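With these hints in hand, go ahead and build the complete structure from the sequences.
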Amino acid sequence: MIPGEKADVATAIEELLKTMGEKLERELIDPLSGTPLPTALILLNGVEINNLEGLETEIIDGDTLTLLPVVHGG
Amino acid sequence: MDRKPPLCTLCGSRPSIYHRCYSGERLCARCITKTLRERVERTIARFKMFKYDSRIAVAVSGGKDSLNLLHLLHEIEEKFPKAELIAISIDEGIEGYRDEALRFASEACRRLGVEHHITSFKELYGFTLDEIAERNIGEVTTCTYCGVLRRRALNTAAREVEADRLATAHNLDDMAQTALLNLLRGDLKRMRLMHPAGFSLEGFVRRVKPYCEVPERESTLLAYIRGFGFQTKPCPYAGEAMRSDIRRFLNYMETRRPGTKFIVYRTALRIIESLGAVGEAVGGVCKLCGEPTTGEICRVCQLLGELEKR
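Heads up: the protein sequence lines correspond to chains A and B, in order. Mind the numbering: the first sequence is residues 1 to 74 in our numbering, read in order. Mind the numbering: the second sequence is residues 1 to 310 in our numbering, read in order.
Errors might be hidden in some of the hints.
[Stated by the list, open to error] Below, a list of computed lysine-lysine pairs in the DSS-like style, where the Cα atoms sit at most 30 angstroms apart: (1) K23/A <-> K233/B; (2) K18/A <-> K4/B; (3) K122/B <-> K6/A; (4) K122/B <-> K309/B; (5) K233/B <-> K18/A.
If you are wondering where the hints come from, they were derived from the structure by calculation, not from laboratory data. As the structure is a computational prediction, the values presented were derived from the model and not from experiment.
Rendered as structure tokens:
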């Protein structure tokens, strides 16, 4: 990401996907709607992003993004 | 865009961290934990799952659901000084998978001061699941072997520790999936067996599902909030095809129509209850091993017999 430029959660995830690849994308994003899958929890500084503005929530330097897979079993 | 979460709908004082779509609530970490614990307590009371002095065996695999259930029951049990909690784990013998999970289970038990018993497939049946998978070339999937043998192993372990109840951590997603699966297969007999109150049958420790109204997503969140380690690796044998399809479908519907999983689960309960005879089961004992069964030879002996032939 370019310092000083505005970014949101979607931008951060796009960046992550560039390095982590398709496998992560399949875990995270619904290909039909482009929205986060119910099988993944995405948290920004400990707050689930659907409780904010979803993928459009703005992120700033120093934010922590947590990706939790809702894995079956347990 | 708003980066500041609204205040918790319940306590009104702390910032919320989660939007519970099916109820419209926005909850803080403390109120999520509190509401889930209360939900488990209500489930226990509604189905009269335990007695005040029950010796409860909790099936702990080391995944998020069972570790959460163990913690919640441990907290609830404090109100019932005569009740006892024992954790039991089954080591199926899946290299690189179950060994990791068992470490999480043992750690949690040590931290909580709960007695922990581990029983293995190898001890009970002479084979690990890896060895079964290697030998298994028949039509029966490895998941079927695992499911049948684990159910028996849990019952054996629960009986050994003299428990009068066996609590498993099936969550709401599991229940809704099982309901649809049995409906699509037209298997009403199996559907009856999924009832969270379990049933009484000579030789069987009554199995109850106090966690059955906790959605899988919230279970993951609860484990995250509590901050304990849990297994995140999926089982290498996972993938009962039909269940996976149903899981995807239910997740899709839940996004479109929040509350779908509750509706499917509750409707299944109404169907089961309208069939009558909840809590009852009839059966005899297996001619080969003497364990309770509804047929002449139990499923465990049938499956092990298939393996011996190979």
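Now the hints, each set against the structure:
Between K23/A and K233/B, the direct Cα distance comes to roughly 14 angstroms. Compliance with the 30 angstroms bound is thereby established for this hinted pair. Of the pairs offered as hints, the one joining K18/A and K4/B holds, with about 28 angstroms between alpha carbons and a cut-off of 30 angstroms not exceeded. For a cut-off of 30 angstroms, the pair hint linking K122/B to K6/A is broken: about 57 angstroms separates their Cα positions. Between K122/B and K309/B the CA atoms are separated by roughly 18 angstroms; this keeps the pair inside 30 angstroms, and the hint holds.
Distance check on the hinted pair: K233/B and K18/A sit about 23 angstroms apart at the alpha-carbon level, within 30 angstroms; holds.
In summary, the structure is inconsistent with hint 3 from the numbered list given earlier, while agreeing with all the others.
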